[in-house]
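Number of protein chains: 2
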Amino acid sequence: MCPHALIPYKPVNPKTRLSCILNQEEREAFARAMLADVIAAVKGAGCSPVIVGTELFDSDDVQVTVKDADLNQTLNAILPQSTGGQMLIVMADLPLATSAAIERVCATKKDMAIVPGRGGGTNVIFLREPTRFHVNYYGTSFNKHMQIARDAGLSCEVIDSFRLHTDIDEKEDLVELLIHGDGSSRKYLEDLGFELSLERGRVGVRRRGT
Amino acid sequence: MCPHALIPYKPVNPKTRLSCILNQEEREAFARAMLADVIAAVKGAGCSPVIVGTELFDSDDVQVTVKDADLNQTLNAILPQSTGGQMLIVMADLPLATSAAIERVCATKKDMAIVPGRGGGTNVIFLREPTRFHVNYYGTSFNKHMQIARDAGLSCEVIDSFRLHTDIDEKEDLVELLIHGDGSSRKYLEDLGFELSLERGRVGVRRRGT
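Protein sequence lines, in the order shown, are assigned to chains R and P. Numbering-wise, the first sequence is residues 1 to 210 according to our numbering. Numbering-wise, the second sequence is residues 1001 to 1210 according to our numbering.
Hints are supplied without guarantee of correctness; some may be wrong.
Claimed, not checked - So, partial list: chain P residues that the calculated Cβ filter (under 7 angstroms) puts toward chain R: (1) Ser1099; (2) Ala1101; (3) Gly1119; (4) Gly1120; (5) Thr1140; (6) Asp1160; (7) Phe1162; (8) Arg1163; (9) His1165; (10) Val1175; (11) Ile1179; (12) Val1203.
Quick caveat, the hints were computed from the structure, so don't treat them as lab data. Since the structure is predicted, the reported quantities are computational estimates derived from the model, not experimental observations. Note that beta-carbon positions come from the ideal geometry of N, C-alpha and C, so glycine has one too.
When you get a sec, could you build the whole thing from the sequences and use the hints?
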């Protein structure tokens, strides 16, 4: 059985690096669709999602809302109080997440598990004893988290998953979603008219009518 | 036990999209180092590498050399003759490949397994009966290979591995290698002076002295 899953989430003006192809309203709806895919994967793995948001928004799931919050400060205020057992921290922009991949993370025999994101980031952290760890996101957070684990004497497994490695930040990342996605965020993009395109032998995305 | 592993390889003027940061001699040495990492991973998984090259080059490993060859034509000439059992096809630009990841591919219970590459490509194919399949690389080859499997009535498992998903084509891809690599291609880059850099909050690579 999996633990509570903290999912940091920014409902207002998210994913600004997609501004070249999605306006603010669309980016907010797209972020919401990606969150729905992550929640589905997490629930399918038997975990209870807790959305750690910067604004209250319409949702049936449990929300912790921290206005003007720094992600690290917020999570590092929660972790020391988490004496109730295992915890998962999952980014909200992982629309390729599957329950099987989340289960592989939670199945680690080590003290913790980590899934690296693109470009040195950290996409998922599993903590057997959350009180023994603190987070340090941004930049090459993967390396920082591995160091924090070593400093805390925690054994750590790196989980080899491209579905959890693929965070969506830029237009090029949408290629992966259109090829490998099967949830609400892929459907949202397709409903907007997004499709794969082949340009000089390389696969990209385009929006019909633009 | 794993099967023969075909590794397509271009020793002369490879990886031209890295020309912005590596000259031809360096690109050739770097491609050779990536090949060495792939060979080590494949051998560690109990597979026998067979390098399918466009030129003969200095190597102790078995080489099949096809001059002026089209990748698809070459492989599709080999597969129908492969009546001796299972076969693996592994791209040579996967320096994060590990034996554990290759073993996960070969452990499939399905007729075949496939690992998608970045941008819709195909990085690894495992075939229980190679004579029943043919390849179609380039473009969104992942989708094409899934369709070929369906048309041939072959069950297919998609293996979720970021280590085998991460092919190295462009400068930005080197970030992953410098963070997650531990073989000869990472060492080669570091010896050339490559290191991680943080530019406006995003992780990149730079070459010292340039």
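Hints versus structure:
For Ser1099/P, the interface hint is violated, since its Cβ never comes within 7 angstroms of a Cβ in chain R; the closest pair sits about 12 angstroms apart. For Ala1101/P, the suggested interface contact is upheld, since its CB lies about 6 angstroms from the closest CB of chain R, less than 7 angstroms. The interface hint given for Gly1119/P holds, since its Cβ lies 5 angstroms from the closest Cβ of chain R, which is under the 7 angstroms cut-off. Because the beta carbon of Gly1120/P sits about 4 angstroms from the nearest beta carbon in chain R, less than 7 angstroms, this interface hint is met.
With its C-beta approaching chain R no nearer than about 5 angstroms, Thr1140/P sits inside the 7 angstroms limit, and its interface hint holds. With a cut of 7 angstroms, the hint placing Asp1160/P at the interface with chain R holds, because the nearest CB-to-CB distance is about 5 angstroms. Among the interface hints, the one on Phe1162/P holds; its C-beta lies about 4 angstroms from the nearest C-beta in chain R, closer than the 7 angstroms criterion. A cut of 7 angstroms between beta carbons decides the hint on Arg1163/P: the least distance to chain R is about 5 angstroms, and the hint holds.
For the restraint placing His1165/P at the interface with chain R, the shortest Cβ-Cβ distance is roughly 4 angstroms, inside the 7 angstroms limit, so the hint holds. This hint holds: Val1175/P has a C-beta 5 angstroms from the nearest C-beta of chain R, less than the 7 angstroms allowed. Evaluation of the Ile1179/P hint against chain R yields a held restraint, the C-beta minimum of about 5 angstroms falling below 7 angstroms. The interface hint given for Val1203/P is met, as the beta carbon of that residue sits about 4 angstroms from the closest beta carbon of chain R, less than 7 angstroms.
Going through the hint list in order, the structure does not satisfy hint 1, though it satisfies all others.
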